[in-house]
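Generate the whole structure from the sequences, applying the supplied hints.
Line order of the protein sequences matches chains F, P, D and R. Using my numbering, the first residue of the first sequence is number 1, and each one after it goes up by one. Using my numbering, the first residue of the second sequence is number 1, and each one after it goes up by one. Using my numbering, the first residue of the third sequence is number 1, and each one after it goes up by one. Using my numbering, the first residue of the fourth sequence is number 1, and each one after it goes up by one.
One should not assume that every hint holds.
[Claimed, not checked] DSSO-like, lysine-lysine: derived pairs with alpha carbons at most 30 Å apart:
{"hint": "1", "chain 1": "R", "residue 1": "K57", "chain 2": "D", "residue 2": "K96"}
{"hint": "2", "chain 1": "P", "residue 1": "K13", "chain 2": "F", "residue 2": "K57"}
{"hint": "3", "chain 1": "F", "residue 1": "K99", "chain 2": "F", "residue 2": "K112"}
{"hint": "4", "chain 1": "F", "residue 1": "K13", "chain 2": "P", "residue 2": "K57"}
{"hint": "5", "chain 1": "P", "residue 1": "K99", "chain 2": "P", "residue 2": "K57"}
{"hint": "6", "chain 1": "D", "residue 1": "K96", "chain 2": "R", "residue 2": "K13"}
{"hint": "7", "chain 1": "P", "residue 1": "K13", "chain 2": "F", "residue 2": "K96"}
{"hint": "8", "chain 1": "R", "residue 1": "K112", "chain 2": "R", "residue 2": "K96"}
{"hint": "9", "chain 1": "P", "residue 1": "K57", "chain 2": "P", "residue 2": "K112"}
{"hint": "10", "chain 1": "F", "residue 1": "K103", "chain 2": "P", "residue 2": "K13"}
{"hint": "11", "chain 1": "P", "residue 1": "K13", "chain 2": "F", "residue 2": "K106"}
{"hint": "12", "chain 1": "P", "residue 1": "K13", "chain 2": "F", "residue 2": "K99"}
{"hint": "13", "chain 1": "P", "residue 1": "K108", "chain 2": "F", "residue 2": "K13"}
{"hint": "14", "chain 1": "R", "residue 1": "K112", "chain 2": "R", "residue 2": "K99"}
{"hint": "15", "chain 1": "R", "residue 1": "K112", "chain 2": "P", "residue 2": "K57"}
{"hint": "16", "chain 1": "D", "residue 1": "K57", "chain 2": "F", "residue 2": "K57"}
{"hint": "17", "chain 1": "R", "residue 1": "K57", "chain 2": "R", "residue 2": "K108"}
{"hint": "18", "chain 1": "F", "residue 1": "K13", "chain 2": "P", "residue 2": "K106"}
{"hint": "19", "chain 1": "F", "residue 1": "K108", "chain 2": "D", "residue 2": "K57"}
{"hint": "20", "chain 1": "P", "residue 1": "K13", "chain 2": "F", "residue 2": "K13"}
{"hint": "21", "chain 1": "D", "residue 1": "K108", "chain 2": "F", "residue 2": "K57"}
{"hint": "22", "chain 1": "P", "residue 1": "K108", "chain 2": "R", "residue 2": "K57"}
{"hint": "23", "chain 1": "F", "residue 1": "K57", "chain 2": "F", "residue 2": "K108"}
{"hint": "24", "chain 1": "R", "residue 1": "K103", "chain 2": "D", "residue 2": "K13"}
{"hint": "25", "chain 1": "R", "residue 1": "K106", "chain 2": "R", "residue 2": "K57"}
{"hint": "26", "chain 1": "D", "residue 1": "K112", "chain 2": "D", "residue 2": "K99"}
{"hint": "27", "chain 1": "R", "residue 1": "K57", "chain 2": "P", "residue 2": "K57"}
{"hint": "28", "chain 1": "F", "residue 1": "K99", "chain 2": "F", "residue 2": "K57"}
{"hint": "29", "chain 1": "P", "residue 1": "K13", "chain 2": "P", "residue 2": "K99"}
{"hint": "30", "chain 1": "F", "residue 1": "K112", "chain 2": "F", "residue 2": "K57"}
{"hint": "31", "chain 1": "R", "residue 1": "K96", "chain 2": "D", "residue 2": "K96"}
{"hint": "32", "chain 1": "P", "residue 1": "K108", "chain 2": "P", "residue 2": "K96"}
{"hint": "33", "chain 1": "R", "residue 1": "K99", "chain 2": "D", "residue 2": "K13"}
{"hint": "34", "chain 1": "R", "residue 1": "K96", "chain 2": "R", "residue 2": "K106"}
{"hint": "35", "chain 1": "F", "residue 1": "K57", "chain 2": "D", "residue 2": "K112"}
{"hint": "36", "chain 1": "P", "residue 1": "K96", "chain 2": "P", "residue 2": "K57"}
Just so you know, the hints here were simulated from the structure itself, not pulled from any lab data.
Protein chains: 4
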Amino acid sequence: MTDQQTTIHELKKRMAEFVRERDWEQFHNPKNLSMSIAIEAAELMEHFQWLTAEESKNLDLDALHEISEELADIVIYALSMANFLDLDLSESILGKMDKNIRKYPKEKVRGKAHKYTWYRDNGNDKE
Amino acid sequence: MTDQQTTIHELKKRMAEFVRERDWEQFHNPKNLSMSIAIEAAELMEHFQWLTAEESKNLDLDALHEISEELADIVIYALSMANFLDLDLSESILGKMDKNIRKYPKEKVRGKAHKYTWYRDNGNDKE
Amino acid sequence: MTDQQTTIHELKKRMAEFVRERDWEQFHNPKNLSMSIAIEAAELMEHFQWLTAEESKNLDLDALHEISEELADIVIYALSMANFLDLDLSESILGKMDKNIRKYPKEKVRGKAHKYTWYRDNGNDKE
Amino acid sequence: MTDQQTTIHELKKRMAEFVRERDWEQFHNPKNLSMSIAIEAAELMEHFQWLTAEESKNLDLDALHEISEELADIVIYALSMANFLDLDLSESILGKMDKNIRKYPKEKVRGKAHKYTWYRDNGNDKE
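Laid out in C-alpha cells, this is it:
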C-alpha cells in the first residue's frame, strides 16, 4: 500500500514541482487556492447529493474511482497551499487531532451525535 | 520537519482510532463526510473572503496559525473518508498528479491562466 | 405573507442601497461575492451536517429561525451580485425553470432519483 | 424588467409545482437541498477561480449568461427549501437586512474592509 511509504513531504515536493514547472505560482495564491479546495469539495459532494446515507456506504467501483479522484484533488490543492504558505501540514494535522482528543473526551461523547454538535457549540474548550 | 517523517498511513491510522474510540463511524458515512469537507473548506475561504490576492500572500502569524488549522480540518476529514471507503489516498494523489502532468503539458500551459481554464473546459484529455 | 408583496426588484434596491451607503462596492466585486455565497451556503449546510434526512425535516423553532437567516444571507449576496452585474434575476430564474421543465419531462422522471442523476450526467439536453 | 413584476411568492409557487409534478419532494429534503445550494455556489465560483478581482468585473456576454444561470440555480434551490420548510423568504431577507443595518452602522464602517471583518469577529452585536 502506497500510503505506508508516502510522506506528506514527498507529496508536497511533487506538487511544488508541478506548479513551478508551469509557472503557476502566480495563480496559486492562497485566496485562489482556498476557492479551488472549496470547488473540489463541492464536486466530491455532488456524488452524494441525492444518495441516502446508506447508499453512500455502498458505492460501485466506478463511483469509488471517481470519488477517490475528487478526494485527491482536494488534498492536492491543500498541499499546494501548504507549500505556498510554508506550513508543516503534518504538524498542523497532528496538533489538531490532539486538540480534538481533548475537546471530545471519548468517555463523554461516545456514540452521541447530539453531544457532537453540542460540544462544538457549547465548548469544553479549555485549552 | 514533521512532514518528512509522517506517512499518509500514519495519519489515517490515528484518525481511524479517534473515530472508533468515539463510536462515530455511524456519523462518518461518506455523504456526511463530504459535507464536512465542504464546510471546513468554506471556513478556510472565510479567511480570504475580503482580502485581495496580494493581501492573501502576506498573512500575519495569527492568521497563518488559524489557516493551518482549517487546512488540517479539511485533510482530517479527507483521511476519514479514505478510511471509511478503504482508499489508498497516496495512490489516488500520485495517480491524479500524473494525469495532470499529461493533461497540462508544461511547454504548452506555462504561465497561462487562459490556457489553464481552456484546457479544463476543452480537454486535451486523451487518456 | 411578505413573499406575496415583495418583488425581486424591491429586494435588489434595498441591498444596493445598503452597499452604496457603506461604500462597499469595492469589496462586492463578483469574485468576492461568489465566495460569500459559497461561505453562507456552507453555514446553512452546517445545520444539517450530522442530521439524518428525516431529522432534517423535523426541525425545532430555534433551528428553523437560524436556518431562515442563513438562507436569507445566501439570497442577499445573490441579489448583490445581480446588482453588480446588472442582471435581471427573475428572468434568469424563470428561464432556468423553463429549461429544467424541458430537461426533466415529468412523465419520464416522476419519482426517480436514479433518472434524476442519470439525466444530469447523460443529458437529454437538446436545446 | 421582470424583476419589477415578479414576487418571491410567484417564484416559490412555480418551483413547488415543478417539484410536485415530478414527485421529487422525497429528494428535496432540507439536508439534500443544503448540499444542492452549496454545489451550485461552487459552480458559480468556478467562473471566478482564476480571475483577478478586476477581471471578474469585466465579463464577456457568454460568461455573463452562464453566471446568471448559476445564480438562478442557487436561488431556485433556496426557494425550494423555503417551500419545504414553509418559510417566508422575503420576511427573512428584510429582517436580516435590518439586522445588518444595525450591525454595520454606515458612519462607522464606511469603506472599511478591515472594520467589516473586525465587526463580524468582534461584535457590536448588541441586539
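List of violated hint numbers, smallest to largest: none
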